[in-house]
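Using the sequences and the hints given, assemble the complete structure.
Protein chains in written order, with the UniProt record's numbering: chain A, 1 to 755; chain B, 1 to 755.
A couple of the hints might just be wrong.
All copies of an identical chain are treated as equivalent in the list; a pair is satisfied when it fits inside any one copy or across any two copies.
In the BS3-like style, the derived pairs of lysine-lysine whose C-alpha atoms are separated by at most 27 Å in a straight line are [what the hints assert, rightly or not]:
{"id": "1", "residue 1": "Lys215", "residue 2": "Lys227"}
{"id": "2", "residue 1": "Lys29", "residue 2": "Lys180"}
{"id": "3", "residue 1": "Lys268", "residue 2": "Lys108"}
{"id": "4", "residue 1": "Lys421", "residue 2": "Lys268"}
{"id": "5", "residue 1": "Lys461", "residue 2": "Lys599"}
{"id": "6", "residue 1": "Lys587", "residue 2": "Lys483"}
{"id": "7", "residue 1": "Lys607", "residue 2": "Lys29"}
{"id": "8", "residue 1": "Lys54", "residue 2": "Lys268"}
{"id": "9", "residue 1": "Lys167", "residue 2": "Lys215"}
Read the hints as simulated data drawn from the structure, not as lab findings. What you are looking at is a predicted structure, and each value in this text was computed from that prediction instead of being measured.
Number of protein chains: 2
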Amino acid sequence: MLKRYSLLLAAALLASHLAPAQTPAAEPKPLLGFDASGAAAQYQLEAQFDAQLKTDNLRDWMKRMASRPHHVGSPHGKDNAEFMAGLFKSWGYDTRIDVSYVLFPTPKLRVLEMVAPTQFKASLTEKPLAEDATSGLTAEQLPTYNCFSKDGDVTAELVFVNYGVPKNYEELERRGINVKGKIVIAKYGGAWRGIKSKVAAEKGAIGCLIYSDPKDDGYWQGDVYPKGAFKPESGAQRGSVLDMPTYPGDPLTPGYGSTKNAKRLDYKKAPTLTQIPVLPISYGDAQPLLAALAGPMAPEAWRGALPISYHLGPGPAKVHLQLAFNWKTEPVYNVIATLKGNLYPDQWVMRGNHHDAWVNGASDPLSGLVALMEEARVAGELAKTGWRPKRTLMFCAWDGEEPGLLGSTEWAETNAKQLQKNVVAYLNTDNSERGFLFASGSHTLEKFFNQVARDVTDPQKNISISDRRRAYDLINGSPEAQKDARDRADLRIGALGAGSDYSPYIQHLGIPSMNVGFGGEGEGGEYHSIYDSFDHFTRFKDPNFAYCKVLAQTMGRAALRLVNADVLPFEFQNFSNTVAKYGTEVKQLADNMRIETEKQTRLLAEKRYEAVADPTETLLPPKAHEAVPYLNFSPLDNALLKLEQSAQTYALVRKGNPSLTAARKRELDQLLYQAEQQLLSTEGLPRRPWYRHQIYAPGFYTGYGVKTLPGIREAVEERKWAEADEQIKRTAAAVERFAGQVSRAAAVASSPPAQ
Amino acid sequence: MLKRYSLLLAAALLASHLAPAQTPAAEPKPLLGFDASGAAAQYQLEAQFDAQLKTDNLRDWMKRMASRPHHVGSPHGKDNAEFMAGLFKSWGYDTRIDVSYVLFPTPKLRVLEMVAPTQFKASLTEKPLAEDATSGLTAEQLPTYNCFSKDGDVTAELVFVNYGVPKNYEELERRGINVKGKIVIAKYGGAWRGIKSKVAAEKGAIGCLIYSDPKDDGYWQGDVYPKGAFKPESGAQRGSVLDMPTYPGDPLTPGYGSTKNAKRLDYKKAPTLTQIPVLPISYGDAQPLLAALAGPMAPEAWRGALPISYHLGPGPAKVHLQLAFNWKTEPVYNVIATLKGNLYPDQWVMRGNHHDAWVNGASDPLSGLVALMEEARVAGELAKTGWRPKRTLMFCAWDGEEPGLLGSTEWAETNAKQLQKNVVAYLNTDNSERGFLFASGSHTLEKFFNQVARDVTDPQKNISISDRRRAYDLINGSPEAQKDARDRADLRIGALGAGSDYSPYIQHLGIPSMNVGFGGEGEGGEYHSIYDSFDHFTRFKDPNFAYCKVLAQTMGRAALRLVNADVLPFEFQNFSNTVAKYGTEVKQLADNMRIETEKQTRLLAEKRYEAVADPTETLLPPKAHEAVPYLNFSPLDNALLKLEQSAQTYALVRKGNPSLTAARKRELDQLLYQAEQQLLSTEGLPRRPWYRHQIYAPGFYTGYGVKTLPGIREAVEERKWAEADEQIKRTAAAVERFAGQVSRAAAVASSPPAQ
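The structure is reproduced here in structure tokens:
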């Protein structure tokens, strides 16, 4: 019985789930924001769009733009900006290059040497390879360094701190190890790199090394470059250590644009620079240092793939680290190309990707940027043959993303008011490769984006990118993701933390944003090294640019639907569900902490830790915590109820689909796209007012990693109970404002039909 | 409120849980099998026993016996046996050396070389160390080999198979890799080594290498010997690959004693020899072979700590493996020392540990053996000063354990009838070290053993070994173990699989057995290598022999209580709980398999695996399985109910504690200790009739690892549904027989009091 049932069910599902993505058909599927005839026309437009995408352009542009290093301030970076501006103009866009002036330190002196118990001098140099055409352009390459490290000259014993996150220091403390006055060596990974130096400094370390363990992206993952895709012995990861969780962008102009004559902080007082010198190194340079450590063995989860016994130290390895930087101001060139809408020219749909790289940057950022360029080209072609977008379509190629979202943040801060008034949505991409769809963003766009993903066909399988991602979740997902993939009509999109240029738009300005890419089947340890090259990309990331093209299809569709929609395709029930889920999570977090704290308090009182401890080793009991109080979540629960009701009302009204006057539509659109701004709080998050969104933020101690309901969640995680209660109220107020705006939108949407 | 509650509760627990183990006190705690005055006397005896234990003896005997290699057939092995026999005699024991004659192959020729793509000849030699006094006795050492490998001369491409268990071959098959006609290389660990060659042969491989990855016991775990305790580059693990899950003991005399003139199988037809040649190698020898493999990357969980990319092959590495053995028969010397009981001389309490080693064997087996010897010495001393055991106390030092429990099995088979008639319990130890109590055995002894553990003080902490183990479970245990440690009065003892000399006693003869040791704080990669030496042991395992001594206290107490008890301290409610728990587990296993199979069937029908697969790699969908039927567990449930009732009745009767006549006591004792025999089935387990216990057996595909309710569990695991139903009935019948015997015991125990 069971078996027959399963097979029948499966057959039905096959029919419903695995049909190829549909391009225009006799009876097109409904499209959020369009009526039937509008949807048919839109599908036809998208078919034309797809038909004109040229893979050769993607390849040619990547090859040209990746041919030389193009970091901030480099000649080739400026040349790339001008090259793009020329193309955009030739495609019919109103194009300009907006310049900001930002602090951009580059290395003047880098010394790392072991002075005891033996001598060793780190090479700090990535080896060019004959098999990689651009790896030898040494004169133009930035050396390996962490941008926005402070200057310093320190000598001290070394301590191995795993990924260097706060939890790791707790484990060290239980082993009696304090990093005060020491230099720490942390592995890359586990959290954004800037967290490592920030936490190390908080703990009293005087210097910080960050190395790439071969377990994480070297030989343990696969053959190393050039035989395979992974990090060779001399490879090191450049990258910013600006304290972006406090604020991104130019550290000297917090919260306002770094125009030529803007008032600037003294760089020595800028709060987002590191407090200690920091340097990234290769595993070739790290191995002798780590091998010279004694002291207790590192916990098992900390050990990497070097052929050594990983000890914690401190010492006897003692290192000398000396760093000095050129503290220069450089121009960053944001290329802005505009195609004016013919019905709602004041409603802007922005599409962006950065253009600066750490070195040649084929994957990061060009794999996403060339897709954006091809989208712009084809949209321009369509406009030349008669089509015009209803809303204004803008393409933005940002400079200075790598050092700290400098270009996008300064542009956002400079134009803040106008952007909050006009921007409908910001659609971001960055590096992308062969594999599966990964999408994050405002959940008011989740249903809209699911329709986009439903309508794009995966280039390797004859199914939609949505179905391929659903299959991935069903097979590789967490139990929760598996359940969602079975039971939920829409794929869940992730929440936005930090890590690319969407950050100022969503978190500072409250503009609905998305970030999209493909991944999981490319391979590599090339990230932010001289090996992120055209040669590497075309061997290991997306050899025939099929996924660059499908990225253009996806983001092009998203942009075209947004600019053409009759009414903007925002939807609030998915958002309401999602925020309710976050609410459940933070309550569960507090409850679990309460249970764990009680358990630990009891084990401490019973002296169980002492009973277990090996007397030949140091393992102190964990620190005692106060009991976790019950928090008052009722303001949040009440706000979530209002949100649910308003979302339901809006959905019902829209289902009724009354026709509206042009003026009503314009009014409705504005209420819809500005709803996200209701989620901002004036005060911003505790200790980082730049971040104003009460639903999404990068974690203060995770960096890239998003924290949802960040005010509440981080207060709970850090056991700040009064602050948690305060943040529950503040978040609830934001959700109530949002629900109010959705109710207003529902009222406008249900106003008497057009005469 | 909460906090105060926790602290109060904790204070109460402190008082109850963490008091030092009690030696005789004014009001002794109740002792199972003794009345109050008997318990007081027993406590007094145990105090005398403890007082006479001498650490120096433990050290001196280990040093002497580990001074030269003492494997089967070696001069020092025979000498050790005679040395012990002399001691036992001097302590007043009736002592004899029983000899069996067993097949014991040793290497005549060992060749391992890589013939393509490059040439490499494996050294197959462990390096002597200046820091280790006995490592250089090369002439007397057995070379590194797997005992009971067949002869062979094979050349083929190599395939890496992780731990070489059946699941690993399923993963290889999904990657399109078949080992037919290949030589496999497996890591040590994950399952008993004999499983690796057995499964490899079943899958069609023609040769098998087993190496010690540094992740498992080399530098990844800690500094290598002699700097630290772990396996150096040339270290290799000797060991038996006899198919012990089919039957242990001399492969030529299955099920009967290998006396001098016993009928023997032709060794070429012995079913427990391997089907293919097998050789253990060091990681120094393995690295060039593994580094020369190409093909897909091994799954992440398979990768070790060598500084290479772990590929699966097959090839291009091609190896030549040639092995030839001397197929000799050797005498094995079991030393049997007896102290006759004065009240029930026909009730025997056996205490055993093996004396043969692979090389010098300080840890394995001498760390347990010297404890046994000291127990015997002190019991002998006590007997000289007037005390006599009520029951007969026997000390057994087995030979030939390492090649396949040869000594203990042949002795058990030779004396089977008498042992089943007379033996009350068999108490085994083997290697032991600093750390926590680990105990496994018949659950009819669980409560008894908990009282022993309650009364022995940990030498590093002023608490009982039971409380220290409970603290371990509370902090390091699985969620289930943590819950048990909180809620359950008794520590759970484990179930016995294989791995030491208890196997024939419990699994073949149905004699209640226990195996006990300490561990978790010793360190080492010396197992079965030339580095298992007195020097290594006294630096890394138990430097001051404190845990050897506490092992003697523990096992001495257990033996003294068993020989002295008024009525044997068997208890059946813990056993009943435990078997009911196993019943729940096998039902859960079938239910989970049903859910997983349904899920997979659906994913297969929907072609989700194809949707996810990377087209540039081979990853076939998993094999389809038939739906899992509902099994009829009612016979087992009904039997468990009877068991629960009989156990309860017996407990109630014993709580009433009627005084019994001597004859009744004798009758009761015999019912109690022979109850375990009711759990044997005449037919034995499917395809391995030697294993007759229906509750405990080593896994057919795990080796050491125990399978509880093995007939049912393995049938379910292997999806043999008809066999599962059959085994449910057979197991239920055994449980019913057992319950019947317990009821009879209850009846005898409640017979009219002695006049």
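When the structure is checked against the list of hints, which entries are broken? Sort them ascending. 2, 4, 8
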